[in-house]
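Enquirer: Chain by chain, the residues:
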Amino acid sequence: MIIFVSCILLFLIGLYAIVIKRNLIKIAIGFALIEYAVNLLFALVGFKRGALAPIITQIDTPHHFVDPIPQALVLTAIVIALGTTALMLTVILRIYNQYKTFDIAKIKKLTG
Amino acid sequence: MKGMSAIVKSITNITIGFIFLYGVYIILHGHLTPGGGFAGGVIIAGVFVLKVLAFGVDKSAEKKSSTIASIFESIGGLLFVGVALLGLIVMGTFFLNFLPKGEPFRLLSAGIIPLCNIAIGIKVGAGLFSIFLALAAVKYIMED
Amino acid sequence: MIELYLFLGFMLVAAIIATEIKDLLAAVISLGAVGFSIAIIFIFVQAPDLAIVQIVVEILTVVVFVAVILRTTHLDETIGKKLAGSQILAAVLFAGFAVLFLIVSIRALQQIPAFGHATMKVASEYIRIGLSQTGGANLVADVILDFRALDTLGEATVLFTSVIGVVALMRKTGRKK
Amino acid sequence: MTIIPLYIAIPLISAFLIPILGKIYKPLVWMFSTMVSFALFILSLYGIVLTQETSLIVYKMGNWAPPLGIVMAFDSFSAFMVLVIAIIVFACCLFSIRFLSNYTGQWKFYTLFMLMTAGIMGIVITGDLFNMFVFLEIAAIASYALVAFGLKGEQLEASFKYMVMGEIGGLTFLLAIALLYAKVSTLNLADISMSLQTIHGTTFFWMVLGLIVFAFSIKAALVPFHSWCPDAYPAALAPISSLLAGVCTKVFGIYTLARIIFNVFAVSRATDPWFFNILIGMGLLSIIFAGLTALNQKDYKRLLAYSSISQVGFILLGFGIGNYFGVVGAIFYILAHGLSKALLFFTSGSIVHSIDKTNIADLSGLGEQMPTTAWSFRIGAMSVIGLPPFVGFWAKLFIIIGAVKAGMIWIAILTGALSILSLAYLLKIENNVFMKKTTAIIKGTPFTMRIAMVFMVVLIVVLGLGFQPFVDFIIGPAAHALLRGVEYAHLVFEGVVTGF
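Protein chains in written order, with our numbering: chain S, 2 to 113; chain R, 3 to 146; chain C, 759 to 935; chain A, 1009 to 1508.
The set of hints was computed from the structure by calculation and includes no laboratory data. Each hint should be verified, as a subset may be incorrect.
[What the hints assert, rightly or not] Below 30 Å or equal to it, Euclidean Cα-Cα: the simulated DSS-like pairs (lysine-lysine) are:
1) R:K65 with A:K1451
2) R:K53 with R:K66
3) A:K1306 with S:K101
4) C:K780 with S:K107
5) A:K1034 with A:K1365
6) C:K930 with A:K1451
7) A:K1034 with A:K1160
8) A:K1444 with A:K1365
9) C:K879 with S:K107
10) C:K840 with A:K1169
11) C:K934 with A:K1034
12) C:K780 with C:K839
13) A:K1436 with A:K1160
14) A:K1365 with S:K101
15) S:K109 with A:K1436
16) S:K22 with C:K934
17) C:K930 with S:K109
18) S:K109 with C:K879
19) R:K66 with C:K934
20) R:K61 with A:K1034
21) S:K107 with A:K1444
22) C:K934 with S:K109
23) A:K1306 with A:K1436
24) A:K1413 with A:K1306
25) C:K930 with C:K840
26) S:K22 with A:K1160
27) S:K22 with A:K1169
28) S:K107 with S:K22
29) R:K61 with R:K11
30) C:K930 with A:K1365
31) A:K1365 with A:K1451
32) S:K22 with S:K109
33) A:K1445 with A:K1306
34) R:K65 with A:K1160
35) A:K1031 with R:K61
36) A:K1444 with A:K1306
37) C:K879 with S:K101
38) A:K1169 with A:K1451
39) S:K109 with A:K1169
40) R:K65 with R:K11
The shape of chain S in the complex, shown without the other chains:
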């Protein structure tokens, strides 16, 4: 239980960085934290106490493995997170080049 809750805490720390921080890089860091939190929670729910990593080494022994599906899904999710982070950093870099600041309070061309 504490293990799952610490994932939720990591999620909230990331959300805090996104909502409260005014620095663009900090917001990107917040996103990375949220992505980690969800990935970690997903990987943890597939764990089985006393089981082995899901790689078969011998054919005839009885298999007692952890759940391979969350591992496969988290693999996909990590890559998606990498793609999003790269795109977000590109937008941040271009914004910096135009406004010379990371402070979102100073970047206000849009209203509302």
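Following the hints, put chains R, C and A in place on chain S, whose structure we already have.
Expert: Relative to the frame of chain S, chains R, C and A by itself:
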């Protein structure tokens, strides 16, 4: 981008081949051991990143390598979809594992899985290298 | 399981440092610490595939972050400034939301199987037929490249999309004169 | 041979080919993209024919039986969505040809455009929860990049805002998937639906559904979470605004929400009326708040963006009514609003292309100089307001009939009355932009752009006049597909498998 000192350069020269080989190993053994196309592809991208960081590139080389990377990326993607479509053409189902499964625990087994791993490896390696070039090395990518 | 708690605690501390420190480079290094502790946790929960991918992706993420910071600035000027009124309002709203979210998610987490007792309805089927039907000994590779290959095609496409997106946004000018 | 995976494979392969084609000969890129989108349009018509014969086609990826592998579940609702997507994608492609002549990096635009198409198509066809997330991310990442495509300051800023909001939505959805997986240990939508029957109504059930509704209300830009939308639509290039307003928000938010509520969680008005009343409330909030805000807007595209948010509210209202006519109205509204709003954003693009201004105060008297654009605007606007005989009228009528049949007279009256809001803000544009006289010389609208607008106008008029067979053969079955609830799961497991 400028290169680094002579020490970095000579150490890079020694290690770069081994890292590349390790990446290829990870890709080819993806169906037997942990790792696979994605992890191996990132390692291969790392080889090129290391090379660029250590030796530096001039503008024309940058442009050339980003073009080559984008072509390789398209090829990797087409290879992957191609394997999927072959399943459709040969046996009538998208993504069917239509090749013989082979003997377990051998390098040449598991049907299309190693092929897919290779396609993903090429694609990921090329793609991440072009992200690195775009964000770190080139001032701006010049117009096509 | 004491080592698991240790790394979870380390992860949370590093995450707080990453959000609060003034120097952006240090923040990114702390982010790297979070990522690496997660990679180690993956090893503890018997997920070597994930650990490998997490490590290489973490390295690449940090490299990209550092590349962007080196081309711009590494000081967070917003730290230490007086909070604006809207920010205080946002902080209060966020605190309320966080408490609510925590309570509701604890209620929900109590209803899923406890840590270490995965249900494995479909997964046990994979374990049973995985090797004989696909021929791959690594069950995770079997899942991502055979049973759920469409996800992997999607994953490769996401990466392709973001590469094209990065290249498109790094053009010199948007419009022709 | 079955065609269902081709809806995803064709745009995907063309996206991989376009970078190579762009290096060979540049004009090849737009020719190829237009051809591909036309082919998709033809294929989508064939999909409608397929679903007339069988109510649900299951396509097993890699020939694995449902809970093991990923399946594509293609029913009448999916077929209808594919048709709407294909129509608007084709029109946007046509419109982009000349519009993009002012911009650099054409092959990048078309690659992202095709990736986005592949993503949207994937969302509506897939029968697997995690796969839905993956396609959602493909389409979303492509759209973030496309919003910033012009590289101006406000475009980058809008893209960043959109990315922040959109990713919070996406990651919340992933969190919900993780919780759901921990409980039911499967990812197939049909299998989840079966497993959830046993825990229907528990705290866990509502918590996960709440997370999903939260995630998709961000993606659909419903009112408390809409703030990205009025920035992103005006900032994007006109064809992308059309695509975003016409199909993206509908597919990202509304389609997914409807599918998950009706078919997966199998909630119905009969069992849980309070949940549907919340949906109605959210719909009304969007309609009223965004409609009133639209009245004060000074920018042509921003006004249309608020109008879009308000119209999405009507769709949610239709689903919230929850009986057959309400759902028919909502589904019809997806089409009606997609066509009309895409057309209105086309007119904004045509104005931007000619005089490069979008502030309503700076524009006047364009009616004489740009007759095609002006008449397209008028017809699109009448359809949005809901005047007969255009397609928007019938959609609204079905929602009102649904409300009356459900005994919610006041909702029926409100739906009719709130159309006046749309009338008010669209008249503002008509009066200022198209009516007055001007002396300025304006360069004409290019031929392909006019073709795209005329294509949409023809569809709006034809579907408006011939709505009866359309409702009988396409929308009615789609509504039945949604309303059959948990029956969906049984159909997937016994589903008709197509092959050679």
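Enquirer: The structure should be examined with respect to each hint, and the outcome stated for every one.
Expert: Against the structure, the hints:
| no. | hint | in the structure |
| --- | --- | --- |
| 1 | R:K65 with A:K1451 | violated (38 Å) |
| 2 | R:K53 with R:K66 | holds (15 Å) |
| 3 | A:K1306 with S:K101 | holds (29 Å) |
| 4 | C:K780 with S:K107 | holds (18 Å) |
| 5 | A:K1034 with A:K1365 | holds (29 Å) |
| 6 | C:K930 with A:K1451 | holds (28 Å) |
| 7 | A:K1034 with A:K1160 | holds (24 Å) |
| 8 | A:K1444 with A:K1365 | holds (17 Å) |
| 9 | C:K879 with S:K107 | violated (52 Å) |
| 10 | C:K840 with A:K1169 | holds (24 Å) |
| 11 | C:K934 with A:K1034 | holds (16 Å) |
| 12 | C:K780 with C:K839 | holds (11 Å) |
| 13 | A:K1436 with A:K1160 | holds (28 Å) |
| 14 | A:K1365 with S:K101 | holds (27 Å) |
| 15 | S:K109 with A:K1436 | holds (27 Å) |
| 16 | S:K22 with C:K934 | violated (36 Å) |
| 17 | C:K930 with S:K109 | holds (23 Å) |
| 18 | S:K109 with C:K879 | violated (51 Å) |
| 19 | R:K66 with C:K934 | holds (24 Å) |
| 20 | R:K61 with A:K1034 | holds (23 Å) |
| 21 | S:K107 with A:K1444 | violated (39 Å) |
| 22 | C:K934 with S:K109 | holds (25 Å) |
| 23 | A:K1306 with A:K1436 | holds (10 Å) |
| 24 | A:K1413 with A:K1306 | violated (40 Å) |
| 25 | C:K930 with C:K840 | violated (37 Å) |
| 26 | S:K22 with A:K1160 | holds (24 Å) |
| 27 | S:K22 with A:K1169 | holds (14 Å) |
| 28 | S:K107 with S:K22 | holds (13 Å) |
| 29 | R:K61 with R:K11 | holds (20 Å) |
| 30 | C:K930 with A:K1365 | holds (23 Å) |
| 31 | A:K1365 with A:K1451 | holds (13 Å) |
| 32 | S:K22 with S:K109 | holds (16 Å) |
| 33 | A:K1445 with A:K1306 | holds (20 Å) |
| 34 | R:K65 with A:K1160 | holds (24 Å) |
| 35 | A:K1031 with R:K61 | holds (19 Å) |
| 36 | A:K1444 with A:K1306 | holds (17 Å) |
| 37 | C:K879 with S:K101 | violated (54 Å) |
| 38 | A:K1169 with A:K1451 | violated (34 Å) |
| 39 | S:K109 with A:K1169 | holds (12 Å) |
| 40 | R:K65 with R:K11 | holds (22 Å) |
Of the numbered hints listed earlier, those contradicted by the structure are 1, 9, 16, 18, 21, 24, 25, 37, 38.
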